[in-house]
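Chemist: Top line first, the protein sequences correspond to chains P and E. Residue 174 in our numbering sits at position 174 of the first sequence, with consecutive numbering throughout. Each number in our numbering corresponds to the 1-based position in the second sequence with 1000 added.
What the hints contain is simulated information worked out from the structure, not anything from laboratory work. A portion of the hints provided could be inaccurate.
What the hints assert, rightly or not - On the chain E side, residues computed to face chain P include the following (Cβ under 10 Å):
(1) F1031
(2) R1054
(3) L1059
(4) T1060
(5) A1087
(6) V1088
(7) S1091
(8) A1095
(9) E1096
(10) F1105
(11) E1125
(12) G1129
(13) S1133
(14) R1144
(15) F1193
All residues carry an ideal CB built from backbone N, CA and C; glycine is no exception.
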Amino acid sequence: MSGSFSVFARELKLAWSGGGGAALPVGFFAAASSITPFAVGNGVENLKVAGPGVMWIALALASLLPMERLFQADLEDGTLDAYAGSGIGMEGIALAKTLAHWIATGIPLAIIAPVLWIMLQGPPEASWFVIVFSLIGSAAFFFFGSIGAALAAGMRRGGLLIALVTLPLYVPTMIFGAAGLYAAASGGEWAAPLMLTAAAALFGIATSSFAAAMALRTAID
Amino acid sequence: MLGAGASSLVLEVENLAAARGLRILFEGLSFRLSGGEVLELRGPNGSGKSTLLRILAGLTRAHAGTLAFTAAGEDEPGRHYLGHLDAVKPSETAAEQAAFWARYFGRDQAEALKAMKRVGLSGREQVPGRGLSAGQKRRLALVRLLIEPRPVWLLDEPTAALDIEGRALVTQLVAEHRARGGMVIAAIHGDGFEGSRTLDISELKTGAVA
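Same shape as in the complex, but just chain E:
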């Protein structure tokens, strides 16, 4: 489902450093992650988890160091970035937004419907974005992951604002993605994902990747 290269998917990060203004958030980060692995980013608020995810997503420039996603037979494996903000438009209905992302990724409209159902937004299709609760907005953001299968998922606190059932859904989605050979890097507080590796960013000067 993710293409022939998914199993050979590798992320290599070497000596990565991130800075916000003049402050170095972390430096000397090196790790290697393969397809089928989940990496949890942990650390106190402001330690640079979100910044690391944004760097991996190509949104923010690294202060120093290199990173490379590689997969056999692909130029650059596709990535999904889910940030703090859910990219939900207040005036469009939930269904319209799911349909938009399907068109955006060049997918069939059936994919949008399937994804809406999967994230538990059935029955809320005609509610405009401004009428959705924080948890429902987050679920609508998850739709993007389902509509377009991409090997790399970069998730910034994916379970924030979600109820217990929503958390279980994210855990389930991550497990399925992993089973397909996909890679997940998620900043997370509280309960993590089973069998995942952990990177505590606040200990980074020792370069501790468990």
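Just chain P, same shape as in the assembly:
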């Protein structure tokens, strides 16, 4: 247990220090949402139609960005061999790493989400709701993404493969999350989409580390 916990603490630190790159997804999320009005037109009605959906897509794609390096760096420098060769389960390593990167990146993503939300003409009173949704949604995106990250860890330029493997897994979170944001924007019923998004996230958290561990064991074989 001390193994997984120490890996979690180390990754959390590495994610925000040199080369970790937790800032990149945050920048991407902000940039993608900010340029939306230039593409769909800055009319309030236009943004009300497109805004929540675009924001949710931007969150999903921003969460995909750190996936290419999630396990690749450890595989390349031998850290994964050292972890596996010392008899600590790959499941714990995958869970610890993904959780750390979600905390390092998902929380900043959720913090800037309401700013982007208001910029896209979302009602300000729904800001807290947007934060909660972004937190839960990014958890689902990160944990499902870790499966693709593990599968592509041994590949140069594995980003495309990660997107291909991961995007189908994103679909339930995509549907329920966007439905929730649209409900929040129009003052509709949001409890059901929130619970379904949370269910997707919990499913991802519960299952992804086993799938990722299997892929990582193959990667170091």
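Model the placement of chain E on the given structure of chain P, informed by the hints.
Modeler: Quick look at chain E alone, frame taken from chain P:
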């Protein structure tokens, strides 16, 4: 130091074969090694020394055959695997990495400091991984062996990149580990360890374990 079972430590390998893709690297490897013994793996590049070590470490699946580490009173004796890659993070300082491994193995931070001193990295504690030379990275990798005492050491060219003093250190560490009843299996070129057994992998079809 290695637990009551260390002296009864045994590795039994039977009819082991390794393959990379469709190519069989070696087959029919059988040997028995006890605690307190050192086995040097020799053979030309590409003969399967690293693959054998990875199989013994549980990282790579064997193509055929069985292997079993046993020790009285232990489920499975702990192993350390030191590969070609040193598992050194470029952005963490040497001290941070040693401290990390101490936490990883659930050991005291004092162990990390002691190990850093032992491998000759005193004074380099605050240098980030990217600033360490190849030999210093290797020394930092050796820290893992010292922080967590484990009966089985699997070393892939442990002296690569090390200077003369570093080589002497590895020889010394191996001798001490052996004296404690530990087992060492090392792929090595050049000077070996005193009193060790030798396995030339390129002669494996004859199963020659001296």
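Chemist: Would you mind marking each hint as holding or not holding in the structure?
Modeler: Hint check:
1. Hint on F1031(E) is violated. Least Cβ distance to chain P is approximately 21 Å, over the 10 Å limit.
2. The beta carbon of R1054(E) comes within 8 Å of a beta carbon in chain P, closer than 10 Å, and the hint placing it at the interface holds.
3. Interface hint status for L1059(E): upheld, as the beta-carbon distance to the closest one in chain P is roughly 5 Å, under 10 Å.
4. Hint status for T1060(E): holds, given a least beta-carbon distance of 5 Å to chain P, under 10 Å.
5. A hinted interface residue such as A1087(E) counts as satisfied when its beta carbon comes closer than 10 Å to some beta carbon of chain P; here the least separation is about 4 Å, so the hint holds.
6. Annotation: V1088(E) was flagged as interfacial toward chain P, and the flag holds, the nearest CB pair being 7 Å apart, inside 10 Å.
7. Evaluation of the S1091(E) hint against chain P yields a held restraint, the C-beta minimum of about 4 Å falling below 10 Å.
8. Residue-level restraint check for A1095(E) is violated (minimum Cβ-Cβ distance to chain P is 13 Å; threshold 10 Å).
9. About 8 Å separates the beta-carbon of E1096(E) from the nearest beta-carbon of chain P, less than 10 Å, and the hint is met.
10. Nearest Cβ of chain P to the Cβ of F1105(E): about 7 Å, under the 10 Å cut. The hint holds.
11. Hint on E1125(E) is violated. Least Cβ distance to chain P is approximately 17 Å, over the 10 Å limit.
12. With 10 Å as the threshold, the beta carbon of G1129(E) comes within range of chain P, its nearest partner Cβ sitting at about 9 Å, so the hint holds.
13. The interface hint given for S1133(E) is broken, as the beta carbon of that residue sits about 16 Å from the closest beta carbon of chain P, more than 10 Å.
14. With its C-beta approaching chain P no nearer than about 7 Å, R1144(E) sits inside the 10 Å limit, and its interface hint holds.
15. Because the closest C-beta pair between F1193(E) and chain P is about 21 Å apart, greater than 10 Å, the hint is violated.
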